[in-house]
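Peer 1: Chains as they are written, first to last, in our numbering: chain S, 1 to 339; chain V, 1 to 339; chain U, 1 to 339; chain E, 1 to 339.
Hint data in this document are derived by calculation from the structure and do not stem from the laboratory.
Some hints here could point you the wrong way.
Remember, identical chains collapse to one label, so a pair may be satisfied in a single copy or spanning two.
[Stated by the list, open to error] Mimicking EDC-like on lysine to aspartate or glutamate, the simulated pairs with C-alpha atoms at most 20 Å apart in a straight line are: (1) K300 - D88; (2) K120 - E163; (3) K161 - D113; (4) K34 - E305; (5) K221 - E338; (6) K221 - D252; (7) K221 - E129; (8) K40 - D251; (9) K17 - D113; (10) K120 - E81.
Protein chains: 4
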Amino acid sequence: MNFRSDNEAPVNEHIMKALIEANQGFEESYGYDKYSVQFKAQCQDLFQCWVEALPLTTGTAANSIAMALSCPPYGAIYCHEGAHINADECGAPEMFTSGAKLIPIAGNHGKIDIDVLRAKLAGSGVHGEHEVMPAVISLTQCTEAGTVYTLEELNAFKALKEEFGLALHMDGARFANALVSLGCSAAEMTWQSGIDMLSFGATKNGAMMAESLLVFNPKYKSQILRHRKRSGHLISKMRYVSSQLCAYLTDDLWLQLANDANQQALFFYENCEGQIEFIHPVDANEVFCRLPVKKIVQLKQQGFEFHVWPGSNDIIRLVFSHATQPQAVQRLIQSINEI
Amino acid sequence: MNFRSDNEAPVNEHIMKALIEANQGFEESYGYDKYSVQFKAQCQDLFQCWVEALPLTTGTAANSIAMALSCPPYGAIYCHEGAHINADECGAPEMFTSGAKLIPIAGNHGKIDIDVLRAKLAGSGVHGEHEVMPAVISLTQCTEAGTVYTLEELNAFKALKEEFGLALHMDGARFANALVSLGCSAAEMTWQSGIDMLSFGATKNGAMMAESLLVFNPKYKSQILRHRKRSGHLISKMRYVSSQLCAYLTDDLWLQLANDANQQALFFYENCEGQIEFIHPVDANEVFCRLPVKKIVQLKQQGFEFHVWPGSNDIIRLVFSHATQPQAVQRLIQSINEI
Amino acid sequence: MNFRSDNEAPVNEHIMKALIEANQGFEESYGYDKYSVQFKAQCQDLFQCWVEALPLTTGTAANSIAMALSCPPYGAIYCHEGAHINADECGAPEMFTSGAKLIPIAGNHGKIDIDVLRAKLAGSGVHGEHEVMPAVISLTQCTEAGTVYTLEELNAFKALKEEFGLALHMDGARFANALVSLGCSAAEMTWQSGIDMLSFGATKNGAMMAESLLVFNPKYKSQILRHRKRSGHLISKMRYVSSQLCAYLTDDLWLQLANDANQQALFFYENCEGQIEFIHPVDANEVFCRLPVKKIVQLKQQGFEFHVWPGSNDIIRLVFSHATQPQAVQRLIQSINEI
Amino acid sequence: MNFRSDNEAPVNEHIMKALIEANQGFEESYGYDKYSVQFKAQCQDLFQCWVEALPLTTGTAANSIAMALSCPPYGAIYCHEGAHINADECGAPEMFTSGAKLIPIAGNHGKIDIDVLRAKLAGSGVHGEHEVMPAVISLTQCTEAGTVYTLEELNAFKALKEEFGLALHMDGARFANALVSLGCSAAEMTWQSGIDMLSFGATKNGAMMAESLLVFNPKYKSQILRHRKRSGHLISKMRYVSSQLCAYLTDDLWLQLANDANQQALFFYENCEGQIEFIHPVDANEVFCRLPVKKIVQLKQQGFEFHVWPGSNDIIRLVFSHATQPQAVQRLIQSINEI
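Using the sequences and the hints given, assemble the complete structure.
Peer 2: Following this line, the structure appears as structure tokens:
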């Protein structure tokens, strides 16, 4: 009964089927296949705007290429202190930007405190060239705490971005879960909220290895392909990445899978509320809650798999995915309510 | 009738089957899955030595991480002027090494002229710290001209490597084709010939996206994992890479697929020898030959797909793969013999 | 009446004289001049140990080469949040290390809070390769707040460095001022306290442009020269850097100049104590104090030059140097005591 | 009797005097001193155009910052195979550009063979993003063979630069010697010939350590200062660099010094022509000639200092500088004519 990570879930059957169907005869390589063309068209339909769509196999690649596009080597990238790009990518953004500086910003529930960020930006520049140059704000949606920025919150970052002439990036490793949570359009949650570049993830939500960098700002256009190639991320048999992405976006599969995951998390929350402490609001498919250490031990003995959150001994993270079984959730609720 | 690239061929059915079988339930992510463990064990069996096996999705990543392991930023990497790392990776080795210098060496038929290389190495150092420091020799096996270094040739590079205290890397994007061509053991063609690091390719020979960096020299051990992660090449659902590699090595599938490809190239060569000029020896699965320009046009009209080699208008490259159909080869021979 | 920076002070006459004397006839270039040899010998005498001495023209170069020697691109450098390498070098350490991450640590009066650092180090590693690898601690002596780590404090960092297998660097842009303040030997304040590499500054204390990286740990020996060259920091007419450093160390000139500066700061402190608030202890030649905004305006009108500290409107920094005139200090004290 | 390098010559007395005069009282640091302002004004007068003038202490820094401004990390820089940036800077351009590729071009007498370059450029792009992107041509004036590109030659490169949309850089470590040799204006030899950026050297021609990057193309303006700072090349007491440059340009000192050096080289050439083989035309202050090995040994015994050129045993380089004494040249001619 796995609640450890949506990365441990299997591939959704529709995506697997698409892969099998794509495996017919010869097909052009290095992104000139028909699936890559189709995926780009689907993105333009979905977002209702100009989009450059760059299929990739990891979210770290998507995030880091986005940083390389928008941040000079002497630039600064502002992100939440717990952001994946800051805490979990072993310096990949620094590698791709050739040494830019990530400025970790504090904030509750995984969200950047915009007042802290505004103060940082307002105070920058007094040392002139001795300081790195503010260049990018990166937001994670859903955040690393499982929460979701509202459209109002996003638009406050848009205003800040415009005020200081910065680029705005969204790490959407769990983009579908956030979109379903807000119930708005993909355009509203991205370029209409000032997002220039989106790391659009599918792997955690049912794909095998299929991520994408979507670029909404045409000024980055000429550099995109070479950044992918020079980092070793141009897949030769690209049809097997792009066909996943096509299937993912077809017939709202991606929204259904995310909705399933979110609903299960919500069900868990509603059935345990009042019994245990929830560390962060449950906005999407992740739950952080505090349990007695004894209970944690017992749950593990009962076959539940999950992470005890680093730095604590009594906070656990539960991830619900498209592959989470309702019975497993029921049993988990039952076990916890025995406390 | 595709002779353009083995990258355009579909995935072999055994590998596809392995992917489907791997898609059962939950499995640990980020390389802790059972397939990654199995693949490493298979490599140790195959090479009969200590091996660190790093599953990856592109050959450029494998090559570039190898360079990052063995070459300091102020170092020099010696390779053939037509080597993939020099000509076709958009500066990826420079990115991963943070600025090392690739020194292109001339040589016939895609092979480094070892006398030219020896002279370069012998002449290095006179400017002291003003020059980059010799660090790595990289050989491609099969070469970019479709030829294969003999064991004698490899051992000459081993001697040179030892004389000058360098690392020796093999870009084995078509490793299986070379191994089948030489008929020696995998150990003989690698670490017994002084190879410290092997980019071990499977994609061109029937996999979907499955490459690997095999490290034979334990001194690089501690750095390997972080170089993969910081370049965005740690795949979350790693089971889907490693299971391909496991199937590839099981029951000699890899050798059979390579042998099929090589035999078809040989068959073509034997049936056209004397009719047309072959630019390079046909050692494995690639053929470079000169044709009248009119014939090239005609072949394309007849539905044959292939590359006219950049920089010429009458040299074509034909790539034979596990998926090349014998009838297509027959028809190609027939058409050419009509000249 | 300049209290703005010791970088605005002129060159001491003994050092100017040494430059004029060095300007006789031809002399070997690129560090093979007799002054470079002599400076290294003087360092070995001074520190009583093996030293590699690398003459340079900026402290940023010295700090950054030190980082390049000791930190891999996937490594972490721990420093005070206000450290020059973090706040005032526009990402130079990131450039020289090819993307290492600086981890800013809080602490009062410019000193790293060792408990905060210990907690950071103890918590590192739980994400494995997903995190950067702890590699270096960098201390500034005197700190950016003008304070000086005691030998006891330094030895606590030595213990931490050894516990976690890290390198220990000292940014000694104002090394002489710190040494005079502690009254210990240069060896005690450096390698005997676990320091592997020292950025040894002379410019602020009377030289024209003469800094040096002193390396006490022989394991970095082979890489030092090429890091200097590849960053463009190998001066061709090196005699004009090294002769400054030789004169600086001759007849205790450096200690006299630093003592003069420190004494003037102390004199100021003793004559204003109780009148105004001192933000940090006055350990060396820098004073941070709070004044009424009106007074600040008045002082500027009276011809006193100094920095109002960024982020405040009523804290000023006063820097006392070898070139500060006692009358200027007297007048400053007098003006302030009129409050 | 030193003919080894103009880097071994002392500082010209006028420049030394300027340094002494600059050493009066306090002066703003980090480039805000009056000499830096004056130097920029002098450059604008001299070149009769918009110029951004960045004082530096090494030519490698000037060259490398120029490359960082004009070449993306996935770009290609075309230079002569013997160019200083390719052969003698230990990978500095690669470091500053974060991994761009230098493409060495052959050519006689140190000059790029423009037909070879044109063919390279014409052939680029066929592999699309798999190749690095052509970005910069770098010319050395005087070349590393002591020759000087004519205005006609420079204008051919200008045409090529425009055809392919590249930047054009001039490494002018010996700019004054080339200018005196051509007898044209500084504007004609630079921006009027399409030069976007000039590494303007003074050190070899009489300064202590004073080089400069002059940028004629305003599009690079916003990035210049931070590239200098992040590479550690912002000198705190900048007045001591800029005052050298001001004196260098005052009253045509720079042209007189270069003319003296060139005339002595010419005198040597005219008095030995016919006696010995000259390897390259003698256009400026460097002479490459072939001598019997026995003669080389004898000259060294007689106290003449010079380099035997790497890779040969009978070719020597003689460098004439502002400090070369006519008697030394006379004695050298006399000794050689005894052959």
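Peer 1: Look at each hint and say if it fits the structure.
Peer 2: Verification of the supplied hints:
no., hint, in the structure
1, K300 - D88, "neither (25 Å within a copy, 49 Å between copies)"
2, K120 - E163, "within (13 Å within a copy, 35 Å between copies)"
3, K161 - D113, "within (14 Å within a copy, 34 Å between copies)"
4, K34 - E305, "between (40 Å within a copy, 17 Å between copies)"
5, K221 - E338, "neither (56 Å within a copy, 47 Å between copies)"
6, K221 - D252, "neither (28 Å within a copy, 45 Å between copies)"
7, K221 - E129, "between (28 Å within a copy, 13 Å between copies)"
8, K40 - D251, "within (16 Å within a copy, 40 Å between copies)"
9, K17 - D113, "neither (43 Å within a copy, 49 Å between copies)"
10, K120 - E81, "both (14 Å within a copy, 14 Å between copies)"
Against the hints set out earlier in the document, violations occur for numbers 1, 5, 6 and 9.
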